[in-house]
Each structure stands twice: as structure tokens, then as C-alpha cells.
Amino acid sequence: DTGVSQNPRHKITKRGQNVTFRCDPISEHNRLYWYRQTLGQGPEFLTYFQNEAQLEKSRLLSDRFSAERPKGSFSTLEIQRTEQGDSAMYLCASSLEGPISPPLHFGNGTRLTVT
Amino acid sequence: DQQVKQNSPSLSVQEGRISILNCDYTNSMFDYFLWYKKYPAEGPTFLISISSIKDKNEDGRFTVFLNKSAKHLSLHIVPSQPGDSAVYFCAASASEDMRFGAGTRLTVKP
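Protein chains in written order, with our numbering: chain A, 259 to 373; chain B, 4 to 113.
Just chain B, with the same shape it has in the complex (with noise of 0.2 Å):
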């Protein structure tokens, strides 16, 4: 069961635009939500995480919004750069379960 959602595969940019990459999740005991970056060759880096308590959260040039009603977030990157070109993992934690979506790899053209 695909708990954590991340319908778009792939998403392409231009440098200096806003990417906008999506995440849905079904189960409504999810009470954190993570953003995990990944390179080739690589693990997983942590990005950005919010709690269930609040519906923004902000670091630099990354913003994770929440909608729970909805049951979906979305991180916010702006501007774009050439750098951010990874894959990105969307992850929701209820306590010591944590899923992870199947990951968008996001393009940004110079």
C-alpha cells in the first residue's frame, strides 16, 4: 500500500524559476513530513521537514507547505538552481513509521 504519494516522476525548470514539487499522503495518523534530496550515487540528504501543527515552514531558498484537509504538501524552491538537480523523496513519520514517495527527479536548466 502506497501510503506516500509522488504522482509527477519528473519535473524540469528553468535556473532562476520556482519548482514546485507535490506529495500526497492517505494516512491522517502521519504527524511529521520530511523532504529528503538525492544525488547519483548517493544516499538520501535530509532538506526540510514540518510538523502536522503547522502549515509552512521556511529555509532559505526552500519552502514546505502543508495542507492537511487535503492531505498533500509540496516544497517550494525558488529560485531554482543548476545544484538542485536530484531526485527528491517526500517522507511522512508516525512515530516510528515513516514512508517515503517514490520520488520526483527534478531538471533545472542553466
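Isolated chain A (complex conformation) (with noise of 0.2 Å):
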């Protein structure tokens, strides 16, 4: 069990660039999560995948983002045109089932700040 793996951890972009993140959750976990917090808040949800699939979009998350679990490994999150208030931490987490139990794990986060 190496964990959850999350790269980059740092990003600065300038507004209106685009940046992908990348998750590597742990091997065996079917469902693979992704929330975004920002500071003094806790994690929010964004959405999840069930294996390949994305099951579930957060209302939080508007059509500049796109999730992607090819082959229902390793996913990305993308961001198109980013804007200052796109700055936070953007958490990745993995399960086997739901997201209770057992419950889930986090990867370390990629912090984006856009100047």
C-alpha cells in the first residue's frame, strides 16, 4: 500500500491558463474521489468514478473542469481558463467501495494558485 500519489504538489498559473492535475490512488480501490478545499474550509466535493465511469458532479463544479479515469486507474483533473478564485487545494481521495467504509484516503493534494 504506497498510498495515494498526487502530482503536481505545487502549481502556480497564470489566470486563463489551463493545468491538469493527476491522481494515483491505491491499486485495488475501485472508487477514486476528488474534492477541493479552500482555506479556512474543509474539503468540498467535486466528483467520483466508479472504476472508468463518473458517477457523480458536484453542482461546484462548472464546465471549465473535466475528470477523466481512463482504464480506471489513475485520474486527471482539468481546468481550463483559470480564474483566482480557482486557488485552493485540490485533494484526491480512494476507497474500495463508498466513502464510509472503509473510509477514505487522501493523497497529500496539489495546491493551485492562479496570479
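Treat the hints with care, as some may be off.
[Stated by the list, open to error] Okay, the calculated beta carbon distance ranges per label pair:
1. A:E310 / B:R64: 36 to 42 Å
2. A:D321 / B:N70: 40 to 46 Å
3. B:G63 / A:K272: 46 to 52 Å
4. B:G63 / A:E355: 33 to 39 Å
5. B:K59 / A:K272: 49 to 55 Å
6. A:G330 / B:F49: 22 to 28 Å
7. A:R339 / B:M32: 21 to 27 Å
8. B:G63 / A:G330: 32 to 38 Å
9. B:Q17 / A:R267: 30 to 36 Å
10. A:Q299 / B:A97: 15 to 21 Å
11. B:R64 / A:Q312: 37 to 43 Å
These are calculated hints, taken from the structure and not from any lab test.
Where a beta carbon is used, it is the ideal one built from N, C-alpha and C, also for glycine.
Please dock the two separately framed chains into a single complex, following the hints provided.
See below:
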């Protein structure tokens, strides 16, 4: 169990640029979740996958955001035309089934700063 | 809409004493509750959970209490240790929907 891996750890970009983050879940985990955390807040759900199928998207996920999980392994989260309000920590988590039992395993996150 | 609230942004306790972190929720559909701990530059890690059919769950120094009628849960850490210093998030789940509170920063002073 090597844990959930996220890359890059930090990303600084200029407003209007596109960015892509990668998440490698724990290998036997079917479920993969993306959360966003802003300063002073808890993680907010963005979307989740069951294997390669994206089953749910939060209304927080505007059409500038897209997530994929090809082949049901790693996942990417792309943000197009970044805005300053996108600055946040983006957390990936994985689990065997649902989000509670067993509980989610989180990665260390990708911190995005949009200037 | 903030369905899970942690009203204390920070808490400071002396080593060896009890730490009590509180959490309130508004959605009566939540049926499972979790506490996560987060150190700086790391992702949250699972600490302890409780199902809505129970009112207490204990794991070593950590105990979670659930009061469904008050829609309130609390995490007790006894005795508190300096290594417990972290941000603690309360989370509540109804099926696939899990909501987190804003967190409480616990500082345990030696």
C-alpha cells in the first residue's frame, strides 16, 4: 500500500491558463474522489469515479473543470481558463467501495495558485 | 449551505488533559459520521467513525459521542499529547454524499 499519490504538489499559473493534475489511487481501490479545499474550509466534494465511470459531479464543478479516469486507474483533473477563485488545494481520495466503510484515503493534495 | 458545522476554529489544551472537539449537523439524513485529522502539507487521515445506530465509539485515546436528537457529535481525546496537534475535520455521510466541517485546529501544549 503506497498510498494515494498526487502530482504536482504545487502549481502556480497565470489566470486564463489551463492546468492538469494527476492522481494515482491505491491500486486495488475502485472508487476515486476529487475534493477541493479552500483556506479555512473543509474539503468540498467535486466528483467521483467507480472504476472508469464518472458517477457524480457537484454543481461546484463548472464546465471549465473536467475529470477523467481512463482504464479505471489514475485520474486527471483539468481546469481550463483558470480564474483566481480556482486557487485552492485539490485533494484526491480513493476507497474500495463507498466513502465511509472503509473510509477514504486521501493524497497530500495539489495546491493551485492562480495569479 | 453548511450542513456540517465546527464552530470552534481553534482549541488549545495542556498535555495530559482532555480535548473535546464539537460538531453539529443539520441534515437528518446523515447516518454515518467520521473524524479526520490533518497535519500541515498532508492530506486528511481517517481517525474514528460512528454509525447513527450507536451513541458512542471508542478507539484507544479517542472516543466519539453522537447525540442524534441534538444533531451533535463530539470527539474526546484523553489524554491529549503534543503529537495530537493538528486540524480535525468532522464529516457526515448519507450514502455517497459526504460533507465536511471547516475544521478545528487543536494545539496540545507540553
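Cross-check of the supplied hints:
no. : hint                       : in the structure
1   : A:E310 / B:R64: 36 to 42 Å : holds (41 Å)
2   : A:D321 / B:N70: 40 to 46 Å : holds (41 Å)
3   : B:G63 / A:K272: 46 to 52 Å : holds (48 Å)
4   : B:G63 / A:E355: 33 to 39 Å : violated (25 Å)
5   : B:K59 / A:K272: 49 to 55 Å : holds (51 Å)
6   : A:G330 / B:F49: 22 to 28 Å : holds (23 Å)
7   : A:R339 / B:M32: 21 to 27 Å : violated (36 Å)
8   : B:G63 / A:G330: 32 to 38 Å : holds (36 Å)
9   : B:Q17 / A:R267: 30 to 36 Å : holds (34 Å)
10  : A:Q299 / B:A97: 15 to 21 Å : holds (20 Å)
11  : B:R64 / A:Q312: 37 to 43 Å : holds (39 Å)
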